[in-house]
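S.K.: So the protein sequences, as listed, match chains A and B. Per this note's numbering, residue 3 is the first one in the first sequence, and the count goes up by one each step. Per this note's numbering, residue 423 is the first one in the second sequence, and the count goes up by one each step.
It is worth saying that the hints were derived from the structure and are not from the lab. Source: prediction; values computed, not measured. Glycine residues also receive a C-beta, built at the ideal position from the N, C-alpha and C atoms. Hints may contain errors.
Claimed, not checked - Have a look at the derived ranges for each label pair, beta carbon to beta carbon:
| no. | chain 1 | residue 1 | chain 2 | residue 2 | range |
| --- | --- | --- | --- | --- | --- |
| 1 | A | Gln332 | B | Val949 | 25 to 31 angstroms |
| 2 | B | Val949 | A | Thr236 | 39 to 45 angstroms |
| 3 | B | Glu863 | A | Ala372 | 27 to 33 angstroms |
| 4 | A | Phe278 | B | Ser1107 | 53 to 59 angstroms |
| 5 | A | Asn275 | B | Lys1060 | 54 to 60 angstroms |
| 6 | A | Thr236 | B | Ile964 | 53 to 59 angstroms |
Next come the chains, spelled out residue by residue.
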Amino acid sequence: MLDRCTMDLHCYSHFLVHSLLKELKGNLIIFFAVWFLSLQILLVLLLIRATGHTLQMAYRQSLNSLDIVDLLKSSDSLSSGDVAALVYLWNPFTIAACVGLSTSPVENLVVILALHGACKGLVPLAAFGWVMATHLSLYPAILIIPVILLLGYGPDTPPRKLFLQKGYGKNGDNHSSDNCGQQETNHSKAEVTFSWRPVIHFLFWSSLWSTYVLVLCSISVKPHGSLWEMFQRTYGFILTVEDMSPNIGVLWYFFAEVFDFFRSFFMIVFHLNILFMILPLAIRLKHRPCFLAFIYIAISSMLKSYPSVGDSALYLGLLGLFLDELADMQFSFFLLCGYIGVSLLSPVMHNLWIWRGTGNANFYYATGMAYACLQIILVVESVSAVLNHDRKLRKLSVTKLRDGNS
Amino acid sequence: MPKTETETPKMKPRPIVRLAIFLISHSLLVCVVCCTAGVLALLLLPLLAKNTYISENALMPGSASSMISNRDISEANRLASDLSGLNFEPQDAAALESRGILTKYMSDLGAEVSYHKFHHKPNQFHPLHFFSSPDSTSSVDNFSCSAQGVNTVGIIRAPRGDGKEAIVLVTPYKFGKSGTAETLSLSIAYTVFSLLSRVTWLAKDIIWLVADSQYGEYAPVEAWLRDYHTPVFTGLGALNADTCIKIDDLYALEQKPIAQTKISDGFRRAGTMAAALIFKVADRNELLEDTLNIYAEASNGQMPNLDLINIVNYLAVHRQGLRVKVEKVLSLLDSRWLEILGEIFEVLGKVARSLNPGWKFGISAADYVEGSATLASSLYNQALGIPTGPHGAFRDFQVDAITLEISPKVSSHNKARHNEFLLRGGRLVEGVVRSINNLLEKFHQSFFLYMLTSPSKFVSVGVYMIAFALLVAPLPLVAASLYADANQLDLGVKNTKSTTTAPDELDITFRSWKWLYAAKEVFLVHVWGAAVSLLPYFICQIPNCSPTSSSVIWVSLSMLGLLILYLIAGSPSTHVSISQHEEKGEWAILKSVTISAVFIGLLLMSVVNFATAEIGALLLVPMCLMAQPLKLDMKAGKFRSLFRVICNMVLGFVAFPPAAYFVAKTLFEGSDSINMGDFWNWMESLWAWNSATYIYIGMVHLPCWALCLHILLHSC
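Generate coordinates for the entire structure from the input sequences, incorporating the hints supplied.
M.R.: So this is what it looks like as structure tokens:
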């Protein structure tokens, strides 16, 4: 599987290099840029794959501990890590981001680094990824919650209540007095507790890394200005939506239209929009931190000030990680059609507006809104699919328990 | 505890959801109604056409009296006689000489004159040209010195302007081998130009481009525009100096007799172009009166702003008394069924008017036939995506431009008649230039997306979109209903079932991802379509290949590709996991995915080029909706299914692009000249002009046809 991936990647980068070289007449910088981006993608692939394996192992383990292994037989052939990696690799959005020499593959890499580190329990790596991601594009800052949950609880599991029920069921079930069951109960009980140690470590490491990054930054920006100015030029630029040139998001149009004296108000509203959703989602999905991270990434890539298709590539890739949970997702076909339609329509509308002059901004903005709607549907449907999956697991384990008891 | 989950009261879906479910569950009826309504709406379009009106107030056409005097005309006549005096010399020398004379006349008027050399290169295959901006890099390609033309450009600086805006007049002219008609168009342009060099009201610079039309009329204009919009900082002269010495020699030679006038070596520019008028005098003579033909379609069905056509039409009809015409499909003019339809609509209109005098949508049958012939021509020209004249080059740079072709009544030997014709043409152009001169902004007020049904009537985007929307509306509905049927989704119609079935399906079924196999198939066929549309690029490389053999190679290679694809990926053994039960719905899911792909494709195309999408939808929508495995229908053996089989056969034949082409050709041009090579030539012209229609045929129409055929032949 791995060598297939790398072979694919090789062809892919080869193709990219060729097309770009033809286009740009052998520019060496471009060549290196493409190689660099390909390297990023390779790393992301490996990390996603590894994360997927971790998640799947955790999933199987928890199913094992719930005694509902038969659920797995249908999805045995598919490894979610591989699927996610392939989705990320062959996603046209990834290719577009790479061809466009966007920096989003780099941002994606650090985000994945953080998630991978957190999944594997590699605290310094997770802290590094998180700090770098925040440093590069600010929005991944909200990933601190899933990362902490991941470190505290471990990778995604069915709801904790289930294990508790199971534990009680086993405990109450006195005639089955084999040690194995007892051990399992203890094991699942141990899993429920939140371990503070790695979290403290994480906080320590992230403060260390951020001091390190800030010191490096201050050294490098010293000849040009202060650190504060750097913040203004980077985070300030992201937060105040200064650049209103059209992109696939929804904010540029809004802020181009809004009256100046409302501007700061709406700026606050739009940014709080992301923050509002953090807490409820964190409470509802605290047993699935990785999925929570996916949702956060999807939401922020929908509502961020300068979204790009590279962000979508990341969350669509992550979507593959939750193959088992999302197997019964609704509207999947509709979503695919919508994504294809919007991603084809949007450049045409842009062309109509900017180049041909026969359309206007509304044409293009309409595709932006459609895109946002699709993302909302994707988020809503995937969350409900995961919750349904949890319900199904509960039903299964309850029936199992009942069968065992009777 | 889990019991409470399943026993929650059944939620009543929201009205919009219920409406959607209702529509989906009655999709057959909705299909028939919508498709019929779509075709009917298309036929109704000539009735719904509105009269044009001048939308931009600043234009004020015809508000000032014309200022062209006899002096301008006699000057123009002198130029014409000087030019025609050269015609019997050897061609090269005559070309040089005539260019020199023209330059002398222009610079005598106080205009800045410059030459623009360009290299004619045959069109190349740019499949993605639609998305890219007009490219500037191609000028560096190697070229042959022989195919070089020289445009002559004269610029009058506006006394009241700041040099930021310009109006362009273009006259195609074959230096050295021009006919009387071309000389006449040149003298009209000169009349106007000499007037404009004197007037005080000019606020925009006037550029007069005498395009060297020995390589066609489009190429020189396009080359000049490209150079106009791409600043070259090294200077064009330096770039070309070492490559084409011969031409440069000629160039130097030619400069001698007019050494006293200063011809700039570099490229002269004025400001951004507000509008452009291309005008020429037709060779043919009209019987009744002087006629003005307007050509407006640019590449990919783009049209200039309607206001430009309006002012030309207004001035030509109301001020100069010209008869204005736009292109028509002549064979439709005497078609019987259209006439009958027109009569029906006329009667209906009369009835409606008797009911309520306010309703006046009835037009006479003759008007209806005329309107639909014009509309059909408009639709066809837009769908083809090939510009109908040099104005197409301007539209690629967002400049509104039209071609005016004036046909004189009788041959212009009569002196007074000749002068009157010059006066009329000159006044028309002067009036239009004066109106555009009044513009404060770019043309933006009126429509860009419209179709003409007569020079003074148009159908706007809001109206003609209805016909298209009605036609494609069934597609998502049918896709949804097929998908729901195949997945046995509960759409709320059978309310009772859901609670009972839910506990049984506690497995991870991947049922909602079943479409992935169908999607894979559709994707592969689309890849095949892309490959097929790239094939001509390679077939073109074969030397000495006649169009007939090229098209045969093309078709056979495509079929071979499809066969290979089918053997590799289409074999049913690739997806074993599908159980027997689901096998039944397989073709339904495939059809659903196909329809979705077609819907996306048509939607996309309707934005890129509406006319193509409309014509494509007329072919594709019935075929997609009808497609059902022949085996099933044969088995059923009822009248209805037999009818469907016949429909499917006919549609499957007609929707095959070459077949469609030949059928249309036989219908409109008669069956005497059917040649396999024609199709190749037609497709070649499409891709040579970078028409999006070509991509549409290759990437939407052909794959859809193949998929529908696949569904028809499905073994279920």
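S.K.: Compare the structure with each hint and give your call.
M.R.: Status of the hints after comparison with the structure:
About 28 angstroms separates the C-beta atoms of Gln332 of chain A and Val949 of chain B, a value consistent with the hinted range of 25 to 31 angstroms. Between Val949 of chain B and Thr236 of chain A the Cβ separation comes to about 42 angstroms, which falls inside the hinted range of 39 to 45 angstroms. Distance hint check for Glu863 of chain B and Ala372 of chain A: the Cβ-Cβ separation is about 31 angstroms, which falls inside the suggested range of 27 to 33 angstroms. The hinted range of 53 to 59 angstroms is satisfied by Phe278 of chain A and Ser1107 of chain B, whose Cβ atoms lie roughly 57 angstroms apart.
The hinted window of 54 to 60 angstroms between Asn275 of chain A and Lys1060 of chain B holds, with their beta carbons roughly 58 angstroms apart. Between Thr236 of chain A and Ile964 of chain B the beta carbons are some 56 angstroms apart, a value that agrees with the proposed interval 53 to 59 angstroms.
When each numbered hint is compared with the structure, no violation occurs for any of them.
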